[in-house]
Amino acid sequence: NAGVTQTPKFRILKIGQSMTLQCAQDMNHNYMYWYRQDPGMGLKLIYYSVGAGITDKGEVPNGYNVSRSTTEDFPLRLELAAPSQTSVYFCASRAGVDSPLHFGNGTRLTVT
Amino acid sequence: GENVEQHPSTLSVQEGDSAVIKCTYSDSASNYFPWYKQELGKRPQLIIDIRSNVGEKKDQRIAVTLNKTAKHFSLHITETQPEDSAVYFCAASRMNYGGSQGNLIFGKGTKLSVKP
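Respectively, the protein sequence lines represent chains A and B. For reference, each letter of the first sequence is one residue, going 127 to 238 in our numbering. For reference, each letter of the second sequence is one residue, going 453 to 568 in our numbering.
Keep in mind that the hints were calculated from the coordinates and are not lab data. A portion of the hints provided could be inaccurate.
[Stated by the list, open to error] Derived pair list, reagent style DSSO-like, types lysine-lysine, alpha-carbon separation capped at 30 Å:
1. B:K523 to A:K135
2. B:K474 to B:K523
3. A:K135 to B:K520
4. B:K520 to B:K560
5. A:K140 to B:K523
6. B:K510 to A:K183
7. B:K560 to B:K523
8. B:K509 to A:K183
9. B:K509 to A:K140
10. B:K520 to A:K170
11. B:K510 to A:K170
12. A:K135 to A:K183
13. B:K563 to A:K135
14. B:K489 to A:K135
[Unchecked claim] Take a look, some chain A residues computed to stay more than 12 Å from chain B by CB distance:
15. Q132
16. R137
17. M145
18. G189
19. N191
20. S225
21. N231
22. V237
Note that CB positions come from ideal geometry on N, CA and C, so glycine has one too.
Based on the sequences and whatever the hints tell you, model everything.
Structure below.
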């Protein structure tokens with residue numbers, strides 16, 4: 127298994143641009159998550175999904191959107207990028223609420 | 453909602469010494485407490501977890517203790533080695549709940565430095 131795969135690894139955006147961060151998992155996990163990690167800070171939940179077709183907001187959803195059309199894929203969309211969205215973004219998945227989280231390698235995003 | 457406080461934010465120890473990181477949580481219904489290790493530039497990885505039906509769990513040099521009454525749990529690393537240097541995150545959630553209540557809430561992390 128490849129686990130959780132995120133693309134791209136790095137990206138620089140100009141203010142106002144849009145982009146989609148890709149996330150795919152091959153473990154047939156129902157639960158998928160998007161976190162952002164700012165320097166010196168913990169992980170903040172942006173959006174999560176408990177299965178295909180179901181998504182919900184986390185702690186910091188403003189400025190982001192997600193979709194979950196398949197079990198495997200959980201893309202994160204940034205519309206009108208702002209400097210405050212400069213961060214490292216981690217996608218994660220798990221089989222159930224009592225299972226460990228598996229993280230992807232992250233996407234480092236800079237908005238200038 | 454749940455709030456997780458983690459201390460200290462930085463910890464420096466000599467190789468071979470023990471390291472202890474403490475976390476407190478606010479939601480008395482939380483019953484799942486994992487610890488993640490994140491090396492510089494890498495993804496967080498689970499190192500140990502504990503459920504509320506036990507008070508302590510060990511895995512070689514790593515142990516976690518849980519005090520449900522006081523609502524705190526701790527990570528203990530014995531005989532530290534330079535490769536233990538990393539950021540450690542604690543987290544808490546309600547294991548048997550779906551929706552947002554089952555989501556993990558993370559502490560802000562502890563940067564552990566082990567000096568040779």
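Status of the hints after comparison with the structure:
no., hint, verdict
1, B:K523 to A:K135, "violated (38 Å)"
2, B:K474 to B:K523, "holds (11 Å)"
3, A:K135 to B:K520, "violated (40 Å)"
4, B:K520 to B:K560, "holds (21 Å)"
5, A:K140 to B:K523, "violated (44 Å)"
6, B:K510 to A:K183, "violated (35 Å)"
7, B:K560 to B:K523, "holds (17 Å)"
8, B:K509 to A:K183, "violated (33 Å)"
9, B:K509 to A:K140, "violated (48 Å)"
10, B:K520 to A:K170, "holds (25 Å)"
11, B:K510 to A:K170, "holds (28 Å)"
12, A:K135 to A:K183, "holds (24 Å)"
13, B:K563 to A:K135, "holds (24 Å)"
14, B:K489 to A:K135, "holds (20 Å)"
15, Q132, "violated (9 Å)"
16, R137, "holds (16 Å)"
17, M145, "holds (20 Å)"
18, G189, "holds (19 Å)"
19, N191, "holds (18 Å)"
20, S225, "violated (9 Å)"
21, N231, "violated (5 Å)"
22, V237, "holds (20 Å)"
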